[in-house]
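Student: As a plain string of letters, each chain reads:
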Amino acid sequence: NAGVTQTPKFQVLKTGQSMTLQCAQDMNHEYMSWYRQDPGMGLRLIHYSVGAGITDQGEVPNGYNVSRSTTEDFPLRLLSAAPSQTSVYFCASRSGTSGTGELFFGEGSRLTVL
Amino acid sequence: DQQVKQNSPSLSVQEGRISILNCDYTNSMFDYFLWYKKYPAEGPTFLISISSIKDKNEDGRFTVFLNKSAKHLSLHIVPSQPGDSAVYFCAATFPGGSEKLVFGKGTKLTVNP
Numbered sequence: 001n002a003g004v005t006q007t008p009k010f011q012v013l014k015t016g017q018s019m020t021l022q023c024a025q026d027m028n029h030e031y032m033s034w035y036r037q038d039p040g041m042g043l044r045l046i047h048y049s050v051g052a053g054i055t056d057q058g059e060v061p062n063g064y065n066v067s068r069s070t071t072e073d074f075p076l077r078l079l080s081a082a083p084s085q086t087s088v089y090f091c092a093s094r095s096g097t098s099g100t101g102e103l104f105f106g107e108g109s110r111l112t113v114l
Numbered sequence: 115d116q117q118v119k120q121n122s123p124s125l126s127v128q129e130g131r132i133s134i135l136n137c138d139y140t141n142s143m144f145d146y147f148l149w150y151k152k153y154p155a156e157g158p159t160f161l162i163s164i165s166s167i168k169d170k171n172e173d174g175r176f177t178v179f180l181n182k183s184a185k186h187l188s189l190h191i192v193p194s195q196p197g198d199s200a201v202y203f204c205a206a207t208f209p210g211g212s213e214k215l216v217f218g219k220g221t222k223l224t225v226n227p
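Listed in order, the protein sequences are those of chains P and X.
FYI, the numbering used here numbers position 5 of the first sequence as 5, with every residue one higher than the one before it.
Converting from the second sequence to the numbering used here requires adding 114 to each position, the first position being numbered 1.
The following block holds chain P by itself, in its conformation from the complex (with noise of 0.2 Å):
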C-alpha cells in the first residue's frame, strides 16, 4: 500500500533554474495538497486541489503552479527558483468525505536552491 509518493526526494537547484516535485495517490482521493514545512513556520499551504481539474490557491501559492489533470496526480512546478524557495515540501491527500480534514501526508521533498 503505497498511499502517497513524492519524488524527489532530494533536490539541489541554481537561482534561475525550474523543476517539477511529483505527488502521487492510490487512495482514489478526490483531494490534495502541497504544503511547505520552514524551520519554526510550521507547514504552510502552497496549494490544493478538490478534484481533477480544479486546483486553488493556499496561503503561500507565489512562485508555484500546479495542476491536477487526473485524480492520482498533483505535480508542484517551480518556474525560476529562488533561494526562499529552500524548503521541505509535502504532499497530502484525503477523502473527500473525511469531514475531520484527516490528511495522509508523503515522505517529503528536501529542496535546496543556490
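Because the hints were derived from the structure by calculation, they are not lab data.
Quick caveat, the model's predicted, so the values are computed rather than measured.
Don't be surprised by glycine CBs; every beta carbon is placed ideally from N, CA and C.
Any given hint could turn out to be false.
The calculated label-pair distances, taken between Cβ atoms and stated as ranges, are [stated by the list, open to error]:
#  : chain 1 : residue 1 : chain 2 : residue 2 : range
1  : X       : 121       : P       : 73        : 34 to 40 Å
2  : P       : 107       : X       : 174       : 23 to 29 Å
3  : P       : 112       : X       : 116       : 22 to 28 Å
4  : X       : 222       : P       : 16        : 32 to 38 Å
5  : P       : 95        : X       : 168       : 20 to 26 Å
6  : P       : 112       : X       : 208       : 32 to 38 Å
7  : P       : 19        : X       : 143       : 35 to 41 Å
8  : X       : 142       : P       : 61        : 22 to 28 Å
9  : X       : 123       : P       : 2         : 31 to 37 Å
10 : X       : 165       : P       : 50        : 18 to 24 Å
11 : X       : 190       : P       : 19        : 38 to 44 Å
Chain X: place on chain P using the hints.
Tutor: Frame of chain P, contents of chain X only:
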C-alpha cells in the same frame, strides 16, 4: 496573523510520566482539531482529532482535551515512551471538511529513558 499557536517549541519529559502539549487558537469558526506527529525525515502522520462539539477524545495513551471558552486544546500522552519523541503539530479545520488545514508551528517532544 497566526490562527493556531503552539507557544512551546520544545518539551522534555521522563519515560513513564505524562506529556502535555498545548495549543491555542483564535478563530471560533474552527470545527475540528487534529494532532499530527512527525519524525525526522518523514511526513506527518495523523494522531488524534476532536470535534468542536466535544470536550474530550481518547485513543489509547493519547487524549485530547478541548476548552472552547478558552480557545485551548491539549494533547496528553500517558505514559510517555521514548518512541513518542517527535514534533507534534496542532491543526484546525473549518466546517465542511475544509480544504485548508491550518497548522501550528509544532512542539518538539523529547521523552528521556
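Student: All hints, please: hold or fail.
Tutor: Status of the hints after comparison with the structure:
1. Separation of residue 121 of chain X from residue 73 of chain P is about 38 Å and conforms to the stated range, judged on CB atoms against 34 to 40 Å.
2. A hinted range of 23 to 29 Å for the beta carbons of residue 107 of chain P and residue 174 of chain X is consistent with their spacing of about 25 Å.
3. At roughly 27 Å, the beta carbons of residue 112 of chain P and residue 116 of chain X sit within the given window of 22 to 28 Å.
4. Range check, residue 222 of chain X to residue 16 of chain P: about 35 Å between beta-carbon atoms, so the 32 to 38 Å window is met.
5. For the pair residue 95 of chain P and residue 168 of chain X, the beta carbons lie near 22 Å from each other, so the given range of 20 to 26 Å is met.
6. About 34 Å separates the C-beta atoms of residue 112 of chain P and residue 208 of chain X, a value consistent with the hinted range of 32 to 38 Å.
7. Hint check: residue 19 of chain P to residue 143 of chain X, Cβ distance near 37 Å, so the stated range 35 to 41 Å holds.
8. At about 26 Å, the beta-carbon gap between residue 142 of chain X and residue 61 of chain P stays in the expected band of 22 to 28 Å.
9. Take residue 123 of chain X and residue 2 of chain P: their Cβ atoms lie about 33 Å apart, and the range 31 to 37 Å holds.
10. Checking the proposed 18 to 24 Å range against residue 165 of chain X and residue 50 of chain P shows it holds: the Cβ atoms sit about 22 Å from each other.
11. A beta carbon spacing of about 43 Å between residue 190 of chain X and residue 19 of chain P agrees with the range 38 to 44 Å that was offered as a hint.
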